[in-house]
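Assemble chain D onto chain P, guided by the hints.
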Amino acid sequence: MGLTLKGIFKPFPFIKIALPVIIIVLWAVLSALINNPFILPSISSVLDVLTKPFSDIQGSGSLSGNALISLGRVILGFSVACVLAIPLGIAMGRSEKVYDFFDSAVQMFRPIPPLAWVPLALVWFRIGLTAMVFIIAIGAFFPILLNTLDGVKSVKRTWIEAAVTLGAGERQILSKVILPGALPTIWTGLRVGFGIAWMCVVAAEMMPGTNSGIGYLIINSWYWSQVNVIIAGIIVIGIIGLGVDSIFKFIERKKFMWRELDR
Amino acid sequence: MKLEINHISKVFEEGTEASRALSDISTVVAEKEFLCILGPSGCGKTTLLRIVAGLESATEGSITLDGEKITGPSPKMAMIFQDYSLYPWRTVIENIAFGLEIKDVDRDKREKIAESYLDLIGLQEFGNNYPYELSGGMRQRVAVARALAIDPSVLLMDEPFGALDAQTRNMLQIEILKIWEKTQKTVLFVTHSVDEAVFLADRIMVLTSRPGRIKDIVPIDLPRPRDRTSPDFAKIRRYVLSLIDEHLIVQ
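Line by line, the protein sequences give chains P and D.
For the first sequence, position 15 (counting from the first letter as 1) is numbered 26 according to our numbering, and the numbering increases by one without interruption.
For the second sequence, position 192 (counting from the first letter as 1) is numbered 880 according to our numbering, and the numbering increases by one without interruption.
Extracted from the complex, chain P is given alone in its bound form (with noise of 0.2 angstroms):
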């Protein structure tokens, strides 16, 4: 992995913009020959909103605002999935019985859409936090649990074995081989699990009653049409989501890379 020239002065990878730049171009003729802001607004008038986050928006609240709420109310629900799906998960890979205990459930459960329980949140916990909490939760749950499951089944047996013989005990079998052991897996259910649970809160915020988030600003911006605001919350729930991915990505380059090298 040593740096050569021609690391260094590798041409610029025009292919990786090529696409992007063709859909702004594409998207400008196509603005100015359709000509109704209502169907597809201009380029600057969708810049327009996304260069003033931090001003109202018809008594909406602010781009920025908004995108911190369903920020907050994302990390609130992946929270609860984390402290549910990572402690199941050690269990289940650990002990046959739980695993066959839950097993049936968990598949049961796991293709459902977190949207179809969107009713039933509505019913049970009434609009508000709670619902949205719930659905967020139930969309990182699943990728949590298996990734979890997952790199705790992928713990060598002899790591296991060594531990034991030099005199480990279950608790710190699980704290110093299971768990550092199964950790970049659980990382890579974590990184799924709030990519998932961040597509949940733009959808649970646009259910009937919310007034606040990114999700919401996006429906009542198609009640009011304004298709420009509507693209950049579009825009701006991709950029947080990317950002949010990128540094899941950093960490477990930094963190994990014995994954990929201890071969």
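Honestly, I wouldn't trust all of these hints.
Interface residues of chain D toward chain P, partial, derived using beta-carbon atoms under 7 angstroms [as the list claims (entries may be wrong)]:
{"id": "1", "residue": "F700"}
{"id": "2", "residue": "G703"}
{"id": "3", "residue": "D771"}
{"id": "4", "residue": "P776"}
{"id": "5", "residue": "W777"}
{"id": "6", "residue": "I781"}
FYI, nobody ran anything at the bench for these hints, they're computed from the structure.
Where is the CB? At the ideal position from N, CA and C, for every residue including glycine.
Only chain D this time, still in chain P's reference frame:
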């Protein structure tokens, strides 16, 4: 230190079928002895070692160490695996200190002990490296240091050099003998290489193919360091080989 292996038999039951892996293995291992357990693959030699280590239970018979019956892993014994089994998220020095960490030895002390074993295996400069940055031979040396760090009286080695190339293997054989002489441990060393066994052992326990029975126990009193090319070495090697492969006798 006195390690006794008394009439060990092992039957694996898989569903309704039972298969016998080991049959009536007995020997007494003397203090500071280097005992090689040799046999064809599938003869149950690794199973025997795992039973001694307390990782598996025998169907019949018992293992006693200093008069105490072994029912689980003992702090007086440490095992070294063929796949090194180092923790890839820990540096070399942290790997060596692992057993001490388990025993709650305080940080300063365990760092000091780990450093001294790092010296012993000659990898002083690699303390802060990760296992994946090391060659196979170096990794196995680290595994040896990790086992030694808890100061066991018996080292159990399960085909430790099996995954290494011939040259590294020969080098590590010399090194393990040096370490053995320096640390005065008792060693049980499982291998399928006749050459390796004759080079290393005080005695070789030769097992038959499945179910493993003791074919013979061969004492080797050649002085160390042993010369692989000497006629005496060749004679013993030929004899041990004949125990494993019956056809050789006919020739």
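Evaluated hints:
{"no.": "1", "hint": "F700", "in the structure": "violated (16 angstroms)"}
{"no.": "2", "hint": "G703", "in the structure": "violated (17 angstroms)"}
{"no.": "3", "hint": "D771", "in the structure": "holds (6 angstroms)"}
{"no.": "4", "hint": "P776", "in the structure": "holds (4 angstroms)"}
{"no.": "5", "hint": "W777", "in the structure": "holds (5 angstroms)"}
{"no.": "6", "hint": "I781", "in the structure": "violated (15 angstroms)"}
The structure is inconsistent with the numbered hints 1, 2, 6, although it conforms to all the rest.
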